[in-house]
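S.K.: Sequence:
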Amino acid sequence: MPAQLAPQITFDDFLAVDIRVGRIARAEPYPEARRPAIKLWIDFGPEIGEKRSSAQITHHYDPDGLVGKQVLAVLNFPPRQIGKFVSEVLVLGLPDASGEVVLLTPDKDVPIGGRIY
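With this note's numbering applied, the sequence shown corresponds to residues 1177 to 1293, in that order.
Hints are computed from structural coordinates only; laboratory data are not their basis.
One or more hints might be untrue.
Unchecked claim - Distance condition first, Cα-Cα at most 30 angstroms in a straight line; then the derived DSSO-like pairs of lysine-lysine: (1) LYS1215 to LYS1245; (2) LYS1215 to LYS1284; (3) LYS1284 to LYS1245; (4) LYS1227 to LYS1260; (5) LYS1227 to LYS1245; (6) LYS1245 to LYS1260; (7) LYS1227 to LYS1284; (8) LYS1215 to LYS1260; (9) LYS1227 to LYS1215.
Unchecked claim - Beta-carbon label-pair distances, calculated as ranges: (10) LEU1191 to VAL1286: 15 to 25 angstroms; (11) VAL1250 to PRO1205: 15 to 25 angstroms; (12) TRP1217 to TYR1293: 20 to 30 angstroms; (13) GLN1184 to ARG1228: 31 to 41 angstroms; (14) HIS1236 to THR1186: 29 to 39 angstroms; (15) GLY1221 to GLN1184: 26 to 36 angstroms; (16) LEU1280 to ARG1210: 20 to 30 angstroms; (17) LEU1191 to GLU1223: 14 to 24 angstroms; (18) GLY1221 to PHE1253: 13 to 23 angstroms.
None of the values given here were measured: they were computed from a predicted structure.
Using N, Cα and C, we set each Cβ at its ideal position, and we do this for glycine too.
Generate coordinates for the entire structure from the input sequences, incorporating the hints supplied.
M.R.: Now the structure itself:
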């Protein structure tokens, strides 16, 4: 069965989504979340600063191994309350064969704060 594609968008629609690269500065388990998650503090550079995110990535990642990793995130969604934690950005990932999240990361180190194009 072919994959269901999302409706077509314009280039301006694409430009409206602010996806940037950041470096995980801190990560902690978030056992209070409804589904197992990790709290992330991501540095997007001096112009944007540090943003927080709650990510359901516990299957493939542990907090200690995430520090220093570059990740892609959507920065212009409104903040979202996840239990007692406010998630400010949406970290991006793809499902593996079992549906577990694998983070989207650049294959080379790039300057943090860079926007995709």
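S.K.: Does each hint fit the structure? Answer for all of them.
M.R.: We went through each hint and held it up to the structure:
1. Straight-line distance between C-alpha atoms of LYS1215 and LYS1245 comes to about 14 angstroms, which keeps the hinted pair within the 30 angstroms bound.
2. Only pairs whose Cα atoms come within 30 angstroms are accepted, and LYS1215 paired with LYS1284 is accepted, the gap being roughly 24 angstroms.
3. For the hint pairing LYS1284 with LYS1245, the CA-to-CA distance comes to about 11 angstroms; that is within 30 angstroms, so the pair holds.
4. At most 30 angstroms may separate the alpha-carbon atoms for a hinted pair to count; LYS1227 and LYS1260 meet this at roughly 16 angstroms.
5. For the hint pairing LYS1227 with LYS1245, the CA-to-CA distance comes to about 15 angstroms; that is within 30 angstroms, so the pair holds.
6. The straight-line distance between the Cα atoms of LYS1245 and LYS1260 is roughly 25 angstroms, inside the 30 angstroms bound, and the hint therefore holds.
7. A C-alpha spacing of about 22 angstroms is found between LYS1227 and LYS1284, which places the hinted pair at or below 30 angstroms, so the restraint holds.
8. Annotation: proposed proximity of LYS1215 to LYS1260 holds, straight-line Cα distance about 11 angstroms (limit 30 angstroms).
9. With a CA separation close to 11 angstroms, the supplied pair LYS1227 and LYS1215 stays within the 30 angstroms bound.
10. Between LEU1191 and VAL1286 the beta carbon distance is about 19 angstroms. The supplied range of 15 to 25 angstroms therefore holds.
11. For VAL1250 and PRO1205, the Cβ-Cβ distance of about 23 angstroms falls inside the hinted range of 15 to 25 angstroms, so the restraint holds.
12. For TRP1217 paired with TYR1293, a C-beta distance near 26 angstroms keeps the hint of 20 to 30 angstroms intact.
13. Between GLN1184 and ARG1228 the CB atoms are about 33 angstroms apart, so this pair conforms to the stated range of 31 to 41 angstroms.
14. The hinted range of 29 to 39 angstroms is satisfied by HIS1236 and THR1186, whose Cβ atoms lie roughly 34 angstroms apart.
15. The hinted window of 26 to 36 angstroms between GLY1221 and GLN1184 holds, with their beta carbons roughly 33 angstroms apart.
16. For the hinted restraint 20 to 30 angstroms between LEU1280 and ARG1210, the CB-CB distance of approximately 23 angstroms keeps it satisfied.
17. Roughly 18 angstroms separates the CB atoms of LEU1191 and GLU1223, a value that falls within the hinted 14 to 24 angstroms.
18. A C-beta distance of roughly 19 angstroms is found between GLY1221 and PHE1253, which places it inside the suggested range of 13 to 23 angstroms.
Consistency with the previously given hints is maintained throughout, with no hint failing.
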